[in-house]
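Enquirer: Sequence:
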Amino acid sequence: MPRRRIKKGEPEMLIVSFCDIVTVVTAALFFALLITIQEALKIPVFKPTPRAVPTNKTPVFFECRNHEVFYVNKDALDSQVAKKLSQMNPGVRSGDLSQFLKAIQGEEIGNQDYSVDPKYLLVGVMALQPKPGSKGEAVTQLQAPSGLFQSALAQLDKQSQYIAFLVRDDSFDAFRTARSVADKIGYDTGWELLGEDEPIKFGQGGASIAPQ
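Positions 96 to 307 (this note's numbering) are the ones given, in order, by the sequence shown.
Warning: the hint list may mix true and false statements.
Claimed, not checked - In silico DSS-like cross-links for lysine-lysine, where the CA-CA straight-line distance does not exceed 25 Å: (1) Lys296 - Lys179; (2) Lys296 - Lys226; (3) Lys152 - Lys226; (4) Lys152 - Lys230; (5) Lys253 - Lys178.
What the hints assert, rightly or not - Now the in silico label distances, taken between C-beta atoms and shown as ranges: (6) Leu180 - Ser241: 36 to 46 Å; (7) Asp173 - Ser246: 33 to 43 Å; (8) Asp170 - Lys230: 39 to 49 Å; (9) Ser229 - Gly290: 30 to 40 Å; (10) Asn151 - Glu291: 30 to 40 Å; (11) Glu202 - Gln238: 17 to 27 Å; (12) Asp268 - Met183: 34 to 44 Å; (13) Leu251 - Arg271: 13 to 23 Å; (14) Ala247 - Phe267: 12 to 22 Å; (15) Gln256 - Lys178: 18 to 28 Å; (16) Met183 - Lys253: 18 to 28 Å; (17) Ile280 - Val218: 28 to 38 Å; (18) Met183 - Ser241: 37 to 47 Å; (19) Glu291 - Lys230: 12 to 22 Å.
For the record, the hints were derived by calculation from the structure and aren't laboratory data.
Just so you know, even glycine gets a beta-carbon here, dropped at the ideal spot from N, CA and C.
Build the full structure now, drawing on both the sequences and the hints.
Expert: Right, dumping it as structure tokens:
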């Protein structure tokens, strides 16, 4: 077959350029498909819970509740409980629950923020219930050097004590702010989540929060 002669001025088909375009488009589609598959199969990354750090320091407890921070003066409450129990007849202290509750009936143990639930004392546990209407320190006040939280921290010793937060579901904003303040001052901190109506318990099976 005679070869067709291309007349002068007639456009030629550029096969090389067409192949380049096909190659680029194919590569682009391949990478788009690869990225789509990668995103579809991506496994979410979860940050692990901070590990407890062994320490010889003593915990000082603060509760985060109702978007506020409360100082749990455990040492003062321990002293109240020990004094009240020492005034009881030894037979009552080691007796059944009904005798114990009868002996302690009407006795108020606690402070302005917490009352001690007497029924736990017979098994060696100090359980604290928040008092209705008690007021802690709001989030907006936590960073004030003259506020209740920082004033309490100023009375503590960073070398021998650390801050343990007891956090309710409604108060992670207060917890994060208070922990940030404690970290900046130089305290070790730890925390534990409490249920909505769960009492704060110390003693057998009670709170034990290590720094994290």
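Enquirer: Next step is simple, just say for each hint if it's right about the structure.
Expert: Checked hints:
| no. | hint | verdict |
| --- | --- | --- |
| 1 | Lys296 - Lys179 | holds, 18 Å |
| 2 | Lys296 - Lys226 | holds, 15 Å |
| 3 | Lys152 - Lys226 | violated, 29 Å |
| 4 | Lys152 - Lys230 | violated, 28 Å |
| 5 | Lys253 - Lys178 | violated, 29 Å |
| 6 | Leu180 - Ser241: 36 to 46 Å | holds, 38 Å |
| 7 | Asp173 - Ser246: 33 to 43 Å | violated, 22 Å |
| 8 | Asp170 - Lys230: 39 to 49 Å | violated, 22 Å |
| 9 | Ser229 - Gly290: 30 to 40 Å | violated, 18 Å |
| 10 | Asn151 - Glu291: 30 to 40 Å | holds, 33 Å |
| 11 | Glu202 - Gln238: 17 to 27 Å | violated, 39 Å |
| 12 | Asp268 - Met183: 34 to 44 Å | holds, 43 Å |
| 13 | Leu251 - Arg271: 13 to 23 Å | holds, 20 Å |
| 14 | Ala247 - Phe267: 12 to 22 Å | holds, 20 Å |
| 15 | Gln256 - Lys178: 18 to 28 Å | holds, 24 Å |
| 16 | Met183 - Lys253: 18 to 28 Å | violated, 38 Å |
| 17 | Ile280 - Val218: 28 to 38 Å | holds, 37 Å |
| 18 | Met183 - Ser241: 37 to 47 Å | holds, 42 Å |
| 19 | Glu291 - Lys230: 12 to 22 Å | holds, 19 Å |
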